[in-house]
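S.K.: To convert, note that position 142 of the sequence shown is 142 in full-length UniProt numbering; the numbers rise steadily by one, no gaps.
Be aware that a few hints might be false.
Now the in silico label distances, taken between C-beta atoms and shown as ranges [as the list claims (entries may be wrong)]:
1) Gly-163 to Ile-108: 37 to 45 Å
2) Leu-33 to Phe-147: 21 to 29 Å
3) Ile-188 to Pro-93: 27 to 35 Å
Straight-line Cα separation of at most 20 Å, SDA-like style, residue types lysine to any residue; simulated pairs [as the list claims (entries may be wrong)]:
4) Lys-42 to Ser-124
5) Lys-181 to Ser-124
6) Lys-17 to Ile-226
7) Lys-17 to Gly-219
8) Lys-159 to Lys-42
9) Lys-123 to Lys-159
10) Lys-181 to Leu-138
11) Lys-42 to Ser-208
12) Lys-17 to Pro-233
13) Lys-159 to Leu-138
14) Lys-159 to Leu-29
15) Lys-181 to Val-139
16) Lys-123 to Leu-37
17) Lys-159 to Leu-132
18) Lys-159 to Val-234
19) Lys-17 to Val-139
20) Lys-159 to Met-177
21) Lys-159 to Lys-181
22) Lys-123 to Gly-45
23) Lys-181 to Ile-142
24) Lys-123 to Pro-113
25) Lys-181 to Ile-226
26) Lys-123 to Phe-145
27) Lys-181 to Val-170
28) Lys-159 to Leu-37
29) Lys-42 to Pro-103
Read the hints as simulated data drawn from the structure, not as lab findings. Using N, Cα and C, we set each Cβ at its ideal position, and we do this for glycine too.
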Amino acid sequence: MLPFLLTTFLKDRILNKTFFVCLFTFISLIIYLFILLGCISKGVGIENLYWVMISQNGTAGQLPVEVRIGYFGICASFPPNATMPNDRQIPAPLECFPGDTPPGLSSIPMEHPVLSSALTLQKSALYPLPALASSLYLVSLIYYFIFRERGGRNEKISKFLLGVSAALGVAGALCAMSSAKALHEIGILLGHHAVGDGEGEVTIQAGSWEGAGLCVAAGIHFFIVIYAACGMPVFGLGFDRGYIGKRFL
């Protein structure tokens with residue numbers, strides 16, 4: 001009796017369509033959040049969630065320069081001004097900070113050409129569409145759940161807003177990945193010309209983890225929106241009739 005009651009409770013109260021929609025929505029929003037926090041600080045791999053990475057090879061005993069660009073953060077690694085023998089070189093620490101506001105005790109040269117170029121790219125080419133998509137997604141989904149059973153104009157508006165949020169999510173993922181790939185290809189095409197007094201070869205690398213995260217988040221987002229637009233059907237197994245069937249609620 002107890003196992004039957006427990007199974008019924010799980011099926012009717014927990015393992016239902018609303019629970020799974022909320023679960024996948026939570027996963028999608030968490031991925032969006034981590035991507036938007038990329039390069040703002042170090043920890044739990046956030047420093048690896050970058051759009052593109054610009055690096056400049058060191059010359060004359062200097063270590064290479066590295067700048068990673070996130071949606072709202074920058075991670076930079078600049079060697080000290082003094083040159084050192086190759087056998088004594090220690091990789092410069094990676095410092096992460098929001099936008100163009102490095103920590104107060106940081107020695108990062110904000111006027112460096114590589115960092116200046118990175119900040120310009122962040123402001124002019126990397127649009128924070130995932131921030132808008134995730135916010136609209138959450139608000140419109142709550143709106144949808146409130147008016148889903150009532151129908152009428154409010155339900156149609158909620159579905160329309162969900163569709164707009166999904167379009168923004170997919171557009172954000174495509175824009176970020178295509179622009180990062182374009183920058184990488186441009187760097188190869190131009191032969192990685194040096195910047196900053198002509199010292200060091202510059203390379204541009206697209207961020208793989210951010211692109212993968214955007215694809216997963218936007219994919220879940222799009223699936224949930226399509227599922228809601230179809231009225232949130234539930235697929236069940238009809239073992240009681242002797243065959244596997246499909247049931248819509």
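S.K.: Evaluate each hint against the coordinates.
M.R.: Structure-based check of all given hints:
1. Gly-163 to Ile-108: 37 to 45 Å: Distance hint for Gly-163, Ile-108 holds at roughly 43 Å.
2. Leu-33 to Phe-147: 21 to 29 Å: holds (27 Å)
3. Ile-188 to Pro-93: 27 to 35 Å: Hint holds: Cβ distance 29 Å, inside 27 to 35 Å.
4. Lys-42 to Ser-124: Violated: Lys-42 and Ser-124 sit about 24 Å apart, past 20 Å.
5. Lys-181 to Ser-124: Answer holds: Lys-181 to Ser-124 is near 16 Å, not above 20 Å.
6. Lys-17 to Ile-226: holds (14 Å)
7. Lys-17 to Gly-219: Roughly 18 Å between the alpha carbons, so the hint for Lys-17 and Gly-219 holds.
8. Lys-159 to Lys-42: Outside the cut-off at roughly 38 Å; violated.
9. Lys-123 to Lys-159: violated (32 Å)
10. Lys-181 to Leu-138: Violated - the C-alpha atoms of Leu-138 and Lys-181 are around 30 Å apart, more than 20 Å.
11. Lys-42 to Ser-208: Roughly 18 Å separates the two Cα atoms, so the pair holds.
12. Lys-17 to Pro-233: Distance of about 8 Å is within 20 Å: holds.
13. Lys-159 to Leu-138: This hinted pair holds, its Cα atoms lying about 12 Å apart.
14. Lys-159 to Leu-29: With Cα atoms ~18 Å apart, Lys-159 and Leu-29 stay inside 20 Å; holds.
15. Lys-181 to Val-139: violated (32 Å)
16. Lys-123 to Leu-37: Within the cut-off at roughly 16 Å; holds.
17. Lys-159 to Leu-132: holds (17 Å)
18. Lys-159 to Val-234: holds (18 Å)
19. Lys-17 to Val-139: Since the Cα atoms of Lys-17 and Val-139 sit roughly 19 Å apart, the hinted pair holds (cutoff 20 Å).
20. Lys-159 to Met-177: violated (27 Å)
21. Lys-159 to Lys-181: violated (33 Å)
22. Lys-123 to Gly-45: Roughly 23 Å separates the two Cα atoms, so the pair is violated.
23. Lys-181 to Ile-142: Not satisfied, since the Cα-Cα distance of roughly 35 Å exceeds 20 Å.
24. Lys-123 to Pro-113: holds (15 Å)
25. Lys-181 to Ile-226: At roughly 29 Å apart (the allowed maximum being 20 Å), Ile-226 and Lys-181 break the hint.
26. Lys-123 to Phe-145: violated (36 Å)
27. Lys-181 to Val-170: holds (17 Å)
28. Lys-159 to Leu-37: Outside the cut-off at roughly 28 Å; violated.
29. Lys-42 to Pro-103: holds (13 Å)
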